[in-house]
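Asker: Sequence:
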Amino acid sequence: MLLEKFQAASGEPSIDLTPVIDTVFNLLIFFLVGTTFLQAEREMKIALPVAASAAPISAMLQDLIVNVDTQGQAIVSGRVISPEDLKAMVTQAVANNLQQKVTVRGDRNTAYANIVTVLDICKGAGIQEPYLDTVLSD
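Those letters in the sequence shown? Residues 1 to 138, by this note's numbering.
FYI, nobody ran anything at the bench for these hints, they're computed from the structure. Any given hint might turn out to be false.
[Unchecked claim] Restraint ranges, calculated between C-beta atoms of paired labels, are given here:
hint	residue 1	residue 2	range
1	99	13	50 to 60 angstroms
2	33	85	29 to 39 angstroms
3	51	111	13 to 23 angstroms
[As the list claims (entries may be wrong)] Simulated pairs of lysine-lysine, DSSO-like, Cα-Cα distance not exceeding 30 angstroms:
hint	residue 1	residue 2
4	87	101
5	101	123
6	87	123
Don't be surprised by glycine CBs; every beta carbon is placed ideally from N, CA and C.
Turn these sequences into a full structure, and let the hints guide you.
Answerer: Listed below in structure tokens is the structure:
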């Protein structure tokens with residue numbers, strides 16, 4: 001009785017793959033919609049410096065990403081932020097999470113003093129090891 005359902009016109013047993021394909025496409029659509037491809041902080045037009053031993057830094061939810069543009073302005077979540085506000089933000093983040101991580105993405109054309117200022121603010125606010133983001137050289 002069951003074998004008759006799976007037999008094609010030629011008499012060979014067959015399995016209808018249409019429901020399987022539909023399920024795979026539904027899962028694909030679900031994961032595409034549910035996944036965030038780009039973060040606002042990583043979409044900024046920052047030309048990162050090149051390093052021979054660069055490695056991608058995993059983007060965790062607790063990471064705070066500070067971009068430093070060519071004019072030396074600190075940018076967090078797409079907003080230009082003053083040094084005082086940056087220190088308050090990082091201090092609050094450290095108070096909420098002692099394992100807080102900060103990634104500093106400095107434009108390669110900005111003065112190193114601008115990046116050091118942001119690093120100094122982070123260290124002064126309690127971040128033990130701020131990360132410097134770079135790109136891998138060819």
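Asker: For every hint, state whether the structure bears it out.
Answerer: Comparing the hints with the structure gives:
1. 99 - 13: 50 to 60 angstroms: holds (57 angstroms)
2. 33 - 85: 29 to 39 angstroms: holds (35 angstroms)
3. 51 - 111: 13 to 23 angstroms: Check passed, 18 angstroms falls within 13 to 23 angstroms.
4. 87 - 101: holds (14 angstroms)
5. 101 - 123: Holds: residue 101 and residue 123 sit about 11 angstroms apart, inside 30 angstroms.
6. 87 - 123: It holds: about 9 angstroms lies between the C-alpha atoms, which stays within 30 angstroms.
The structure fails none of the hints (numbered hints given earlier).
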